[in-house]
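*Asks:* Chain by chain, the residues:
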Amino acid sequence: MLETKRILKTFNAGTPNEVRSLQGVDLTIADGSFVIVIGTNGSGKSTLLNAIAGTFLVDSGSIHIEGQDVTRWPEHRRARFIGRVFQNPFSGTAPSLSIAENLALSARRGRPRGFGWALESNLMAKMRDTVRTLKMGLEARLDNAIGSLSGGQRQALTLLMATWLKPKLLLLDEHTAALDPKSADQVIKLSDDIISREKLTTLMVTHSMQQAANLGDRLIMMHRGSIVHDLRGAEKRRLPAEDLLARFEDLRRADQLDETASELLQRAYV
Amino acid sequence: MSLLIGSMTIGFILSLLALGVFLSFRVFAFPDITAEGSITLGASVAATLLVVGFSPLTATMAGFVSGMVAGATTGILHTRFNINGLLAGILVMTSLYSINLHIMGKSNIPLLTQTTFANTAEKAGALVLGERDSLNVGGWEVSARDASIFFFVILVITMVSILLYLFFGTDIGTAMRATGDNSQMIRALGVSDGNMITFGLAISNGLIALAGALLAQYQGFADVQMGIGMVVWGLASVIIGEALVGTRQLGFAIIGAIMGSVLFRLLVAIALRWGLNPNDLKLITAAFVFLALILPNLLAKFRVTRVRSPARA
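Respectively, the protein sequence lines represent chains A and B.
Taken in order, the first sequence gives residues 0 to 269; the numbers are from numbering that gives the first Met the number 0.
Taken in order, the second sequence gives residues 0 to 312; the numbers are from numbering that gives the first Met the number 0.
Derived from the structure by calculation, the hints contain no laboratory data.
These numbers come from a predicted model, not from an experiment.
It cannot be assumed that every hint is accurate.
Just so you have them, the derived chain A footprint on chain B, three or more residues with Cβ under 8 Å [stated by the list, open to error]:
| id | stretch |
| --- | --- |
| 1 | 95-101 |
| 2 | 171-183 |
| 3 | 277-288 |
Listed below are several chain A residues computed to face chain B (Cβ distance under 10 Å; list not exhaustive) [what the hints assert, rightly or not]:
| id | residue |
| --- | --- |
| 4 | G60 |
| 5 | I81 |
| 6 | L96 |
| 7 | N101 |
| 8 | M160 |
In this text, a Cβ means the ideal position worked out from N, Cα and C, and glycines have one as well.
So here's chain A without its partners, still in its complex pose (with noise of 0.2 Å):
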């Protein structure tokens, strides 16, 4: 489904501030596989996202999707397998448009767009049913700007967005990390919900142990840019949150944690 060999990438090389980003990260996700991508502050975890989605090209290594060679395609180009949510829950909706028009051009992800209607009935009715799903009375509201809402209910949208039309993958980058706990709880449910029903494959980035323990049949841990633990199926369902943070205790005695990261274990944790 998804391969990435030996993939490099480093931003302002050269200069004082080179920041070796990805070293030759190999990663092969199978085909309806729920991935969780956990790692330190400036690991890598969402600079790997962005080279799968195609935010900036590797420097070198190769990114199939579906077979596909796409490691030298623009981002709009590779957006036809991939939906994607943002951490910042602004990124993923178009503030000005209203509800309806955000999820009419989700609904076009990487097809050709031309001269029909982008509202169109037998469309709207569907996403008035899709959004009942939510629960969150928006499906009233449709004509609303989408910028009038909460940053939960955008999130939520844009998931439903980056949904709308199957992806062959979900790329899922910390999108609950800037929501109040309560909302963050409601869009993590509901990523379960979708990722389980429609069968997605996903790479989820997070930052919360919790979410790392309790979701996904898989889970690869980054630091400096390269994955040190990679865990699947029995082993990860075995994982208690203590062994995922002893693991990350290593990691900070092998090389001092930056302060931030090891902030947020004990946020998480004590």
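Start from chain A and add chain B according to the hints.
*Replies:* Coordinates of chain B only, in the frame set by chain A:
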């Protein structure tokens, strides 16, 4: 009365300019200066074709298409070659000055003997009104020629703005509006934001060149200098329109730009009538846009200090 209806006719013609400026400045937040060159381009292409003997319709449509090419050029310079948007517009505008001189062969083409859309409108008016020289509108004598041209122009503007409104409701038009709103999101949904900006600037400058083509035919000449200050003029119209009808809905924004253009032209006509030196016109227009841009912030500050000061006392 003739002055009034003449000003309103020009105001409606220039509302196409306002719509073009609305598209680039407001929908894309792209400060597109190409407009100053493309309005003249539309005028010079239309005038030259009329002199050669083409029909007003062909000449006007050719003006529209030439503007689209100019806008697409700016878009390509910006999106494919990563040139700053403002600079891309300046480059195209500057080169258009030479191109316009080449098209016309001289700096000014008079259209006194050619058949223009104004003559066509006059003939159509004669069919409706009969052989009368003037008609009575609410107690005012209006010449049949002025009235026919006025209604013809309104008809054209209505059609264009309805088409524009419908376009914004299509799949591609919605994607275009989203591009200006959030380019990261629209790329993630499989749309090339560069192509959208290029296409949008083509439409914007097409409309502006259409304004130039109609204006040249209405006033009876095309001049290589006629584009100077037109971006600020269009911006002033858009700002007045937003103050009049608000920005919440797209349809209102389009109607607002048209109303703003007509009202602004009327204000200018009245000011000139009262003895405003025409040389000061562009300075005053620029000062007006400056005020309109800083006023919201000033008002907000003023309100904050007014709320605070009683608490301090």
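*Asks:* All the hints need checking, so say for each whether the structure fits it.
*Replies:* Right, here's what the structure says about each hint:
Given as covered by chain A, the stretch 95-101 of chain B fails the check, having 0 residues with a CB less than 8 Å from a CB of that chain where 3 are the minimum. Counting residues of the stretch 171-183 of chain B whose CB falls under 8 Å from any CB of chain A gives 9; the rule of at least 3 is met. Coverage of the stretch 277-288 of chain B by chain A is violated in this model, with 0 residues showing a Cβ closer than 8 Å to a Cβ of that chain against a need of three. For G60 of chain A, the interface hint is violated, since its Cβ never comes within 10 Å of a Cβ in chain B; the closest pair sits about 22 Å apart.
Using the Cβ-Cβ criterion of 10 Å, the hint placing I81 of chain A at the interface with chain B is satisfied: the shortest such distance is roughly 8 Å. Taking 10 Å as the C-beta contact cut-off toward chain B, the hint placing L96 of chain A at the interface holds, the least distance being around 6 Å. Nearest Cβ of chain B to the Cβ of N101 of chain A: about 8 Å, under the 10 Å cut. The hint holds. At its closest, the beta carbon of M160 of chain A sits 8 Å from a beta carbon of chain B; the interface hint therefore holds under the 10 Å criterion.
Checked against the numbered hints above, the structure breaks hints 1, 3 and 4 and satisfies the rest.
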